[in-house]
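Knowing the structure of chain X, use the given hints to seat chains G and B on it.
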Amino acid sequence: MHSDFDLHLAADLDDALASLAPAAGEAGRPAAMALAGGTNLIVDLRGRRARPRRLVGIGRLEGLRWLRVDAGGIAMGARTTVTDLLESPALAAAAPALHGAARVFAGQMVRNAATVGGNIACGSPAADLVPPLMALDAEVVLEGPAGTRRVALADFYTGYKADVRAAGELITEIRCPPRPAGSANLFYKLARRQGDAITVVGVAVALEAAAGRCRAARIALGAVAPVPLRARAAEALLAGATLDAPAIARAAESAAAAASPIDDIRATAGYRREMVAVLTRRLLTRAWQAIG
Amino acid sequence: MSNERRITLEINGAAETTSVPAHRTLLEALRGLGHVDVKCGCEKGDCGACAVLLDGVAVDSCLTLAWQAEGHAITTLAGLGTPERMHPLQQAFADLGAAQCGYCTPGMIIAAESLLRRVPDPSEDEIRVALSGNLCRCTGYTKIFDAVAAAAAVMSGKGDAR
Amino acid sequence: MTTTDRTLAEPAPRDTNVRYNQIGKPLVRTDAPGKVTGRTPYAGDYTMPKMLHAKVVRADLASARLKRIDVTRARALPGVACVLTAADMPDRNIATDIPGQTGRDRLKTDQQVLVRERVRYFGEPLALIAAESRDVAEAAALLVEVELEPIAGVYDPEEALKPGAPIVTAPDNVVATYRIRRGDVEAGFAAADVIVENTYRTQFQEHAFLEPEVGLAWVDENGVVNIRVSTQVIEHFRAVADALGLPHNKVRVLGAMVGGGFGGKEDVTVELYLAILAMHTRRPVRLEYSREDSFVGHGKRHPFKLVYRTGVTRDGRITALDVQALADSGAYVFLSPYVLLYCAVNASGPYRVDNLNVFARAVATNNMFTSAFRGFGGMQACAAYEQQMDEVAGAIGMDRLEFRRRNLLRTGEPMATGFVPPSSIWTEKCADLAWEALGEQTPDDGPVKVGRGIACYQQSYGRLTFLKDTSEAWVGVEIDGTVTVRSGVTDIGAGQASSLAHIAAEILGVTLPNVIVYNSDSQVTPLAGTTTATRALYMTGNAARQAAAALRERLVAVAAEVLGAAPDAIELASNRVAVADDPARGMSFAELVRLCAARGVHRSELAIFRAPFTSPLDPETGQGQAHPDYVYGAHAVEVAVDTETGEVRVLKCIAAHDVGQCINRAAVEGQIEGGTQNGLGYALTEEMLYREGRLVTPSFSEYLMPTAMDMPRVQSIILESRSGIGPFGAKGIGEPALTPVAPAVANAVADAIGARVFEYPITPERVVRAIAGRDRAGAAAGG
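Here the protein sequences line up with chains X, G and B, keeping their order.
Going by the numbering used here, the residue at position 51 of the first sequence is 51; the numbering climbs one at a time, nothing skipped.
Numbers in the numbering used here are just positions in the second sequence, counted from 1, shifted up by 292.
Numbers in the numbering used here are just positions in the third sequence, counted from 1, shifted up by 454.
What the hints contain is simulated information worked out from the structure, not anything from laboratory work.
Quantities reported herein were computed from a predicted structural model and do not represent experimental measurements.
Any given hint could be a false lead.
Stretch by stretch, here's where chain X covers chain G in the computed footprint (C-beta under 8 Å, at least three residues) [what the hints assert, rightly or not]:
| # | stretch |
| --- | --- |
| 1 | 300 to 313 |
| 2 | 348 to 354 |
| 3 | 378 to 389 |
| 4 | 405 to 419 |
| 5 | 439 to 449 |
Every residue gets a Cβ at the ideal spot worked out from N, C-alpha and C, and that includes glycine.
Looking at chain X on its own, in the form it has when it is part of the complex (with noise of 0.2 Å):
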């Protein structure tokens, strides 16, 4: 285990702030790291795989646990949990590409611990709760030395485990617009297991219709990039169309085709690519089903 880092339990967001900015002279020394439930860092602490001068643990910070589903859209604090996800009956209604990734989303202890912010800043390419929401439109709040600012989550990830955020910056809430009549938003988790497993392939979509039309669409992909991403071309295609089967065919062929996949000991490239085309049209069609 690294052992080597203070450990400061902040007592309110300011304290959390401040005490994640980077102090003076502190120039080259490794950053300190927000700890919200620890599922991802503290395991990657046991593994010598983070190694942050300073841990700030936000546990304390009630504010920040929040969630709401209303007209305004679907909105929560960063320390929002899984288990507050799952046990939503209106983000249920809302939003099942969420909350059905809440459902199977590791096991109930980590469930438990884990937090929205946390899932988003592990910067995991398999995190589960990223494509649903990239699906959703969400954004993501920054606080940080430089105030606050918004930066929507399909936008957040700058590579491998990279992101926008500054030093000192903190994921304090997300947020994603009102959700139009006529939509529907669905997610699938394919793993090796049914119960906490990490992810082979995650696709989400989302569908908005009007008049018999796809007005907009969202496909999000999880564990086939270096970062969950956009199926842009694959949108593009939908917009405006009527979706038939050849139209979420070939978006389905766009959506795989936007996935770099690698080979690792869950599943092969090729295969994981083949799953998206799948996925993606198997989604596409039940969300137009559920429309129409």
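The following block gives chains G and B in isolation, referenced to the frame of chain X:
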């Protein structure tokens, strides 16, 4: 090495004080204080053997730092009941043969208790989802599902553990 | 559901007029209350004053020369008590072979205690550290400087057999070979209408017990090295003593409740390191493997390549069978020869094959060493032969069950080695009941296709008979009427100790809570042998039964005299002794024991049970007796296969086994349900993956056993032929529960998709590839 600090943990209703460094996990701290009913299976949150209740909610004590647990009520398996006065889950696990080697049992019962505190009358699917982070190699889970359902019935006054 | 169908019982059950008070009932195991309340101590729960914490430093290459190891900086770290390398200890080895009663020399392939020069597998121990805390031990491990020079290794048994292959075990990497020959195989193939040949592959499997290897050792005031350890085999005290150069009576192994074994705690694990460190430091030392340590710290299930060639007539009679089996033994031998032998003698399964040729080899590689695992070679054979039975049935267009029926071994018929198992063979009844219990088939749902499979099996209980196995148990009664059982048997979670209490309670007529079992101490409790090989109930149960029965006879003699009745009219039940047809004439059991005490009657008995002793099988023909007896049964499953993603879900799972006689029905069901979990994991998700010998799945997030969301409910159909040679006609269920599960799943998947995945585990990707192959073949045939 990280700094040591004296912390006071509320464990099974009693306050206990210990001096631990920042990197000490709650699992290590609890076992160090003699609460060896909390089991170590993987230290990665993959198996659930170390589960304890933190303010009534199950967490993996291997993924919790001891300092973080200060100010929260910690409940381990031994805090739920004794051989003389068993908790309904303990009684049902014993009566229905849901414990074999018994090593996963502390975490399994804690996870089940965490479920039943929120969902008093769970479906089998809810039981399965709630226990999916607790690995068991001996039982095939069948008798565990039965035991959790039986305990739920007892706790909600709908039946006895057998 | 339970069936005791007496019409099938041939030979006749041994116990007539059976009327048990407690045997066969689903009683609460004696170990349950302690476990469910967290009171039961495991080996890792013990601490001692001034205890040190140990750590093993391991090689991170699978094949290398140790050029340099420098522990100076590690030793200098404050809080480090010692850092030991091979240079600090005599050049002794760990026995990897079964020592003891065989009278044979051990194979000369023992494992070095620490790497002296040559690293043979990934994770092989290089140094031992003892320190004041775990933190310090881990910090010291990072300060050990190791320079390894890679050496070309060999990671595939077939490669290891080729000329010029790197040699892991001299002279040719072959660590064991067995042949079984019956009848005239050439003539049999000539008589066949159809010959079907297939190759089946199995994988490395991890035991995945939840309690990693752990122990605590100290040297006591008599100079005895005491080791409290999580083990299936306390009798490794001898191997530890030999490796340390100590007399056997100066090493004592104490068990504790074991948090799962499954064969993975059958070999020496942490015991020897603990003993070395305790002797060196003269302080108590605790060593607990991390999960990562555990993954590299004990042998795995052998991967096999099994080539089956079956000759069959159109009317479904097997005329010949040729089996070529190749097992990966990994870098050290351990129990590979015996695992291989189990595979060989079970290669034709529960079928009568008069013309049989089996050629089985285990080959050394630089992979992780392989050793015991529940099923022990017999299950790998079943994993192949039951798939082959379906393939052959398909080739002649015959119903799968009917084809099996026409070839099943029946009671009194000889198995592959020519041995006639002494008990009933109820395979057909089990298969029929299991198949029937599947009920109505679940309909297909679009691309999700439903299929069914069945697998029958034959699996031994009791160790190889040429090992000359014995087991001891002591039973005594106290003057308050309570009963004590003492036996060295280790309890690894299946209720081994509880079953002894159950047996003693039945025979002495006391209630289960009045019996206490003291077990698992190599110098204090009578030696009972290993808890392996589905032998604990058979061997130690028989010993306890003998001891209790002898004691009962003495007690009953006194009761008969005092009550004025014939001894066979005396009944012992519910803590009372009474005349059978006149219950008013009686007394409490405690009163009887007090009367016996006043008369100086010997109130305890030490019994030894001896399994059949035989010579090894004939080396050329493999004919003879290999095991005491065999268990038979069948497993049926229904699966749903998503033909687009390849995902497989097990919908129904029916296990039918003739266990001879249940001792504790709930415990039998528990074994069946748990064995099924292990078998489903083997079939679908579990796989230890190695790249150039390096383990790439060292955690439970990468090594995937079924979770609560994956497991179907398991329905057990328990048949009791009462024909077994264990206590009360019991057979055994530990290993048999697992043996047929994986091929039943494989057959169901093949049934669903019309193509077979010939390699375990049946992953989604392999399913998709098999379907694509089927479609290509169909297109080629159609075109």
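Task: Contradicted hints - numbers only - done: 1, 3 and 5
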